[in-house]
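2 protein chains.
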Amino acid sequence: MSAANPSEHRGLDALIAATQGAMGDCNAIILARTQSEIDLIPALAGHLIAGGGKRMRPMLTLAGALLAGADINSDAGQMQNAAKLAAAVEFIHTATLLHDDVIDASELRRGNKTASAIWGNEASVLVGDFLFARAFELMVETGKIAVLGRLAKAAARITEGEISQMLLAGNPAASVEDYTRIITAKTAELFAAAATSGVMVAGGDDALAEAMEDYGMALGVAFQIADDALDYAATSDAIGKEIGDDFREGKITLPVILAWQDGDAIEREFWQKCLGGDIGGGDLDKALDLIKKHNTITRALDEARKHAEKAAAIIEKTEIAPEAQKISTALIEAARFAAMRGV
Amino acid sequence: MSAANPSEHRGLDALIAATQGAMGDCNAIILARTQSEIDLIPALAGHLIAGGGKRMRPMLTLAGALLAGADINSDAGQMQNAAKLAAAVEFIHTATLLHDDVIDASELRRGNKTASAIWGNEASVLVGDFLFARAFELMVETGKIAVLGRLAKAAARITEGEISQMLLAGNPAASVEDYTRIITAKTAELFAAAATSGVMVAGGDDALAEAMEDYGMALGVAFQIADDALDYAATSDAIGKEIGDDFREGKITLPVILAWQDGDAIEREFWQKCLGGDIGGGDLDKALDLIKKHNTITRALDEARKHAEKAAAIIEKTEIAPEAQKISTALIEAARFAAMRGV
Chain A
1 MSAANPSEHR
11 GLDALIAATQ
21 GAMGDCNAII
31 LARTQSEIDL
41 IPALAGHLIA
51 GGGKRMRPML
61 TLAGALLAGA
71 DINSDAGQMQ
81 NAAKLAAAVE
91 FIHTATLLHD
101 DVIDASELRR
111 GNKTASAIWG
121 NEASVLVGDF
131 LFARAFELMV
141 ETGKIAVLGR
151 LAKAAARITE
161 GEISQMLLAG
171 NPAASVEDYT
181 RIITAKTAEL
191 FAAAATSGVM
201 VAGGDDALAE
211 AMEDYGMALG
221 VAFQIADDAL
231 DYAATSDAIG
241 KEIGDDFREG
251 KITLPVILAW
261 QDGDAIEREF
271 WQKCLGGDIG
281 GGDLDKALDL
291 IKKHNTITRA
301 LDEARKHAEK
311 AAAIIEKTEI
321 APEAQKISTA
331 LIEAARFAAM
341 RGV
Chain B
1 MSAANPSEHR
11 GLDALIAATQ
21 GAMGDCNAII
31 LARTQSEIDL
41 IPALAGHLIA
51 GGGKRMRPML
61 TLAGALLAGA
71 DINSDAGQMQ
81 NAAKLAAAVE
91 FIHTATLLHD
101 DVIDASELRR
111 GNKTASAIWG
121 NEASVLVGDF
131 LFARAFELMV
141 ETGKIAVLGR
151 LAKAAARITE
161 GEISQMLLAG
171 NPAASVEDYT
181 RIITAKTAEL
191 FAAAATSGVM
201 VAGGDDALAE
211 AMEDYGMALG
221 VAFQIADDAL
231 DYAATSDAIG
241 KEIGDDFREG
251 KITLPVILAW
261 QDGDAIEREF
271 WQKCLGGDIG
281 GGDLDKALDL
291 IKKHNTITRA
301 LDEARKHAEK
311 AAAIIEKTEI
321 APEAQKISTA
331 LIEAARFAAM
341 RGV
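If you read the protein sequences in the order shown, they are chains A and B.
Going by our numbering, the first residue of the first sequence is number 1, and it counts up by one from there.
Going by our numbering, the first residue of the second sequence is number 1, and it counts up by one from there.
If you're looking for bench data, these hints aren't it; they were derived computationally from the structure.
Remember, predicted model here, so these are calculated numbers, not experimental data.
No residue lacks a Cβ here, since even glycine has one placed at the ideal position from N, Cα and C.
There could be a bad hint or two in this list.
Stated by the list, open to error - Going by beta-carbon spacing under 10 angstroms, a handful of chain B positions derived as facing chain A:
1. L31
2. S36
3. A95
4. G120
5. A123
6. A133
7. A135
8. E137
9. L138
10. E141
11. L148
12. G149
13. A156
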């Protein structure tokens, strides 16, 4: 597979460089719009937003606007709207993280203490709601109702994905199709909405909006599969989560589904017991051994790479204006990065 | 005060009658838009929405549209948009209730078990998020971006109000001004947005939109003061909450603030102890005695009545088309009901 060629896998550097100016505006908007008379709101929101992350989603919005021909230097109005939209996308993402912290009581997020562990569940729910509302206020300011429609749909689908994931917890007999449907809703939907709405806000044509929609969807699936695989492979340093977080929460992800499918009766019983919440000392090590035995991290990452290549191919076959070639190259590299990072 | 005249206090009957047809459409939209492939969503949302309540907020939206001249019989497009908006308003309200259940772990809401007690916090947070997203989808369908702007602002203000209330919990030395500011944000803001956006979606003029904004704000304040007063007066049967819910949660409301202001040092110490979470057997009875001693339920309801009269006066001095007189009379009666119900 071509992605195995290291020269095609240069990470996010090009995308970061291409969106840097507008990302400065986006960050300023994020800072300004988390302000409130109530000090707790900027404190809590800032904790999570400053906590880092790669800002993949807002970068996709800005890249979409640039692909559509918005010019960072000369077209201040369009780029300002794109920056607002990018901030809105990051707010929606942050709101889901805050609500997710409440939900699964995870102790680590990006290597820091979760907001809910510091400020309590109540504050996390409410500040999440605040950011969600602020996201819609920002979108209203862009004046494009179609953009609001796309992101409202994404927000509904994200919660459907999270609910499906909650209902599937503890059940390793799930199919790969179930898993893919869930991560498409809970993760890829926002990637797709972020990317396509960037095109929309900058007045790009339908073909380009559709290409970015499909690119974002494939990228989001690749990204989530890789994230889930690394949960059984990476150390806290690498992705800011403790290894085995998903295992402890009974979350059903691809490495587990594949190990369960290939496992014998005793192995299946082990998975069922642990993912059902009955985890003893040494069980995580045993789970890691089974994952190694069935080679399911590598197999999951192969699956991620397929989706990443699909994303790259969509951009490759889309007609891009010569002045936006840098952006399209950056998007192709970003897709390959999504499936390879941390490996 | 004129509101003491029983003939001017005929409850919600007129408002219910005037909005009945459109409310049928609104209820059908609510039912249709809580559907999902995931059975849990309509089950959980339906539990709360079917649980009753007076549907004050969607009625205000429909009344606003009717005041603006939308005709239930002949102007299907405008009334359909108003019904969608009314459903969106009810979804926002329901989402805040679901998130509030998570927050304060209250055992009763409208006399039924809370959703979170049945399905768990995780489900309540996520279904609340789902309804919030669906609300914005419905608003997008009305095609009026100004309506989205007003309700997005309301959503942000509601969470600010809820956060302020959380931060004030346990502190009875709060001022009446603090309390009023909080209930204006957490309750009146949505009443105001609901009422004014009904005018906006039906193409009413700015003067009418502003009148309904101010009416909704005053009505919402009256409604919340009365609700808070009844928490120390009503039985579970009357308002579907157990008496003393707010006391147990350390919530700071007007009867408590007034009792604290008029209390001696020993009484103040008692309030501080109980609202700080240290409640012993007999303490609720003692609190009720103090509230009776200082007559603070009656005083709170007097305050509610002032806001209700303000709301009524706003409608009385607004120019209303002759064919919409029934609606304006109904709104005046509804305002008086808000401050008198259950007494």
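(message) Let me make sure I understand: some of the numbered hints might not hold for this structure. Which ones are they, in numerical order?
(response) Number 1 only.
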